[in-house]
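Residue numbering for the sequence shown follows numbering that gives the first Met the number 0, starting at 0 and increasing by one per position.
Hints listed in this document are in silico derivations from the structure and should not be mistaken for laboratory results.
As the structure is a computational prediction, the values presented were derived from the model and not from experiment.
Just so you know, not all the hints are guaranteed correct.
If you anchor each label on the Cβ, the simulated ranges turn out as follows [said to hold, decoys possible]:
no. : residue 1 : residue 2 : range
1   : 98        : 154       : 39 to 49 Å
2   : 33        : 78        : 17 to 27 Å
3   : 52        : 99        : 37 to 47 Å
4   : 115       : 199       : 19 to 29 Å
5   : 172       : 197       : 35 to 45 Å
6   : 173       : 246       : 41 to 51 Å
7   : 169       : 92        : 34 to 44 Å
8   : 194       : 153       : 30 to 40 Å
9   : 207       : 87        : 31 to 41 Å
10  : 256       : 5         : 22 to 32 Å
11  : 26        : 129       : 15 to 25 Å
12  : 200       : 147       : 24 to 34 Å
C-beta atoms are modelled at their ideal positions from N, C-alpha and C, and glycine is treated no differently.
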Amino acid sequence: MAFIQGYEFDAMSRRPLYGDVTQRLVDLCACAPGSVVADVGCGSGRATELLLERFPQLGSVVGIDPSAHELALAEERLRDNPRARFVTGRAQDVGAVVGPVDAVVLSNVMHQIPRAERPSVLRGCHDLLAPGGRLALNTLFYEGAVLPESRRFYAAWLHATRTWLRGHGGDLVLVREAPVALETLTPADHEALMTEAGFVSVTSEEDVYPWTLEDWQALCGYSVFVEGATGLTDVELGSRALTAALHTVFRDLGLRQVPRRWLFVHGTRQR
């Protein structure tokens, strides 16, 4: 996975769609006054921002991310809020970079963690929480995210991307290790992982969100998505190919939006 300057997740994080999804996740936290929250995999700080807006009596939010580029954007985004601070670190090492907290948020992080490492990440988050503390996560890459009626769109987009690349002297990289995001789990699998990590009252919920052309186009500017979708290390070329193909498919199929499910899972550390 490549986090490349100029191709951060920030453009996608500023879309109204992403704000709606993240707000739903934040609302699951139910943070008490004075709470400290860890926003693990905070990226450019959208969840951190919404947490501070949704719970004005929060003590603080600590954003943790491995990308210096994303953290710089987050710090700029929240430069006037003294209750936000940011540290460099991976979800796998969260216990080493932040102390005990009252809530943990994993906003679209789990599908970026290798499947074999997800149990240890959840155990680390569990151990980080004070008794009664809450964890909430979401993901758009899981078994069941793609609605049957949308499969034609994805197939057409892949075909159009390959056609564009071949017309520009390139091609998709088909023989490669599967992207981490495609190491998908079912909602029940996510619940089981959280239960095994020690959480109680674990619940999963799914919602459908409509993606517009502009939403998909913003995602085409994110290096991790580009690399995962095309296999190309030339992110600029891959982004151009995905964007051009996206416009072609929306036009040819007469689309205005493409629905996709998002999964939300939450649980509590026993008191």
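Output the indices of the hints that this structure fails to meet, ascending. Of the numbered hints given earlier, those the structure breaks are 3, 6, listed in rising order.
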